[in-house]
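Asks: Below are the chains, spelled out letter by letter.
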Amino acid sequence: MTINVLFFGPLAEIVGNAIEMPVVSTLHELEQKLFEQFPLLKDKKYALSVNEKIVSGNVDLEEGFTIAFLPPFSGG
Amino acid sequence: MTINVLFFGPLAEIVGNAIEMPVVSTLHELEQKLFEQFPLLKDKKYALSVNEKIVSGNVDLEEGFTIAFLPPFSGG
Amino acid sequence: MSENKIKNIFRSGAIAAEFIADSIAKHSAKKDIGAHSIFLGQVRADIINDKTVAAIEYTAYEEMALKKMQEIREAIFSKYKLTCMHVYHSLGVIKAGELCLFVFTSSPHRRAAIDACNEVVERIKKELPVWGKEVFEDETHQWKENK
Amino acid sequence: MSENKIKNIFRSGAIAAEFIADSIAKHSAKKDIGAHSIFLGQVRADIINDKTVAAIEYTAYEEMALKKMQEIREAIFSKYKLTCMHVYHSLGVIKAGELCLFVFTSSPHRRAAIDACNEVVERIKKELPVWGKEVFEDETHQWKENK
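Protein chains in written order, with the working numbering: chain A, 4 to 79; chain B, 4 to 79; chain C, 406 to 552; chain D, 406 to 552.
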């Protein structure tokens, strides 16, 4: 009953590249949990993706989902 | 007391690449002379340059000038 | 249709000029092409607070980036009359002066190739989950942010 | 200033991919460049009234074209913040599939390189006294006209 959470760029410096954690019911709940554990994350600018799609607002999470914290892109 | 007249692209097929001819006083006079000698030239689309600059309207000519008959460009 | 297969745009390390030449040369067999448009990104030795950028280290959320790139590719092919399109993006440490992005579009007439290339570059910068870490000569770093 | 010296843009025969690679590679020493934009013109094997174009033979009023190109170069350098700009145009017989035009602009940021490249290509096609004779496979020909 877990979800995978990925962190990239400057966010990976705070949290690490990836954590596997027990499933939580929504994206907001996930963020709150991570803010408690990694207070530095709270002030960072990022978008969120669920299963490789950018999402906005709150989203229900299910077992096996992959969530990613995506700081501003700087490719090219 | 001559001028040089150059022809490019399809016009060179009618007249040849270049002719040296006695100076005439204006560009219009030059065109008239050439139309008599090369009637096919008359129906062709072209711009004129005097000493490597595109000109419009009539222009006075002097000894040593280079006039070019320039069909529509198709470089690149 | 070749534009529907997911392609891996990522390359480890810098993009070599010879690779670009090979890519160009391969197109001489496609005799309906009249115009190629190429964009190359090169790592700048920017000076930021008296420190000089020695390299950019690129990382990506690769699976997501490739899906997004595929979406961009399909949108571009339906918008422009292209003969082909190739995109390569470096990952890893790319030194100042080296090439990190190669976008290559070809079409019968120039407008499609040029406009498509331009749009692909803009979308790559804006939409691909790729990050560049500017590494200074003293080995400190800062994270780039695209404007 | 290098942009004020008249450069010969004309090359006899097709532009080779290796020549383009060399030209790109030379820019790795210029560490303030962040973006290169390249346009390549390739001869199309167009089919016109059932006849296929085998080659284009290019001729030019060279002295006038080089002066005009210099004028364009100066206008482009005063309009865009470019690091450098290179233009090569083929003369003579260029076979279908071969390259006949190479425009290469570089700048710190992409907008200047891309916009300058685009403008140079348009001006070359419109303003340079260059003519292309489309030679068909049966050796008949017709004269191209730029749109």
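Calculated from the structure, these hints are not laboratory results.
A hint or two may mislead.
[Said to hold, decoys possible] As a list, the in silico BS3-like pairs of lysine-lysine whose alpha-carbon atoms are at most 30 Å apart: (1) D/530 / C/484; (2) D/435 / B/47; (3) B/47 / D/431; (4) C/530 / C/486; (5) D/412 / B/45; (6) C/435 / A/56; (7) D/436 / B/56; (8) D/412 / C/486; (9) B/45 / D/530; (10) C/552 / D/436; (11) D/436 / D/456; (12) B/48 / D/486; (13) C/435 / D/552; (14) C/538 / D/436; (15) C/500 / A/48; (16) D/552 / C/456; (17) C/472 / A/45; (18) C/538 / A/48; (19) D/486 / C/530; (20) D/530 / B/48; (21) C/431 / C/538.
[Unchecked claim] To give an idea of the interface, some chain B residues facing chain D are shown, with a C-beta separation under 10 Å as derived from the structure: (22) 15; (23) 19; (24) 25; (25) 28; (26) 29; (27) 42; (28) 60; (29) 67; (30) 68; (31) 73; (32) 75.
[Claimed, not checked] Beyond 12 Å from chain A on every Cβ pair, some chain C residues (computed): (33) 472; (34) 479; (35) 486; (36) 516; (37) 549; (38) 551.
Just so you know, even glycine gets a beta-carbon here, dropped at the ideal spot from N, CA and C.
Asks: It remains to establish, for every hint, whether it holds in the given structure.
Replies: Going down the list of hints, with the structure as the test:
1. D/530 / C/484: Holds, at roughly 25 Å.
2. D/435 / B/47: At roughly 48 Å apart (the allowed maximum being 30 Å), residue 47 of chain B and residue 435 of chain D break the hint.
3. B/47 / D/431: violated (45 Å)
4. C/530 / C/486: Satisfied, since the Cα-Cα distance of roughly 23 Å is no more than 30 Å.
5. D/412 / B/45: violated (36 Å)
6. C/435 / A/56: violated (36 Å)
7. D/436 / B/56: violated (39 Å)
8. D/412 / C/486: violated (35 Å)
9. B/45 / D/530: holds (25 Å)
10. C/552 / D/436: At roughly 20 Å apart (the allowed maximum being 30 Å), residue 436 of chain D and residue 552 of chain C satisfy the hint.
11. D/436 / D/456: Distance ~49 Å between residue 436 of chain D and residue 456 of chain D Cα, so the pair is violated.
12. B/48 / D/486: violated (38 Å)
13. C/435 / D/552: Holds, at about 23 Å.
14. C/538 / D/436: holds (17 Å)
15. C/500 / A/48: holds (27 Å)
16. D/552 / C/456: Outside the cut-off at roughly 50 Å; violated.
17. C/472 / A/45: holds (28 Å)
18. C/538 / A/48: Holds, because 16 Å separates the two Cα atoms, which is no more than 30 Å.
19. D/486 / C/530: holds (21 Å)
20. D/530 / B/48: Holds, at roughly 17 Å.
21. C/431 / C/538: Answer violated: residue 431 of chain C to residue 538 of chain C is near 34 Å, above 30 Å.
22. 15: This interface hint holds because 8 Å falls under the 10 Å limit.
23. 19: violated (13 Å)
24. 25: violated (23 Å)
25. 28: Check failed: Cβ of residue 28 of chain B comes no nearer than 23 Å to chain D, outside 10 Å.
26. 29: Constraint on residue 29 of chain B not satisfied, violated at 21 Å.
27. 42: violated (19 Å)
28. 60: Violated. Min distance 19 Å.
29. 67: violated (15 Å)
30. 68: With a closest approach of 14 Å, the residue 68 of chain B hint is violated.
31. 73: Result: holds, 5 Å to nearest chain D Cβ.
32. 75: holds (5 Å)
33. 472: Since the minimum Cβ distance to chain A is about 6 Å, residue 472 of chain C lies within 12 Å and the statement is violated.
34. 479: Per Cβ check, residue 479 of chain C is outside 12 Å of chain A; nearest 16 Å; holds.
35. 486: Answer for residue 486 of chain C: holds, closest chain A Cβ roughly 25 Å.
36. 516: holds (23 Å)
37. 549: It is violated; residue 549 of chain C is separated from chain A by about 4 Å at its closest Cβ, not greater than 12 Å.
38. 551: violated (5 Å)
Checked against the numbered hints listed earlier, the structure breaks hints 2, 3, 5, 6, 7, 8, 11, 12, 16, 21, 23, 24, 25, 26, 27, 28, 29, 30, 33, 37, 38; every other hint is satisfied.
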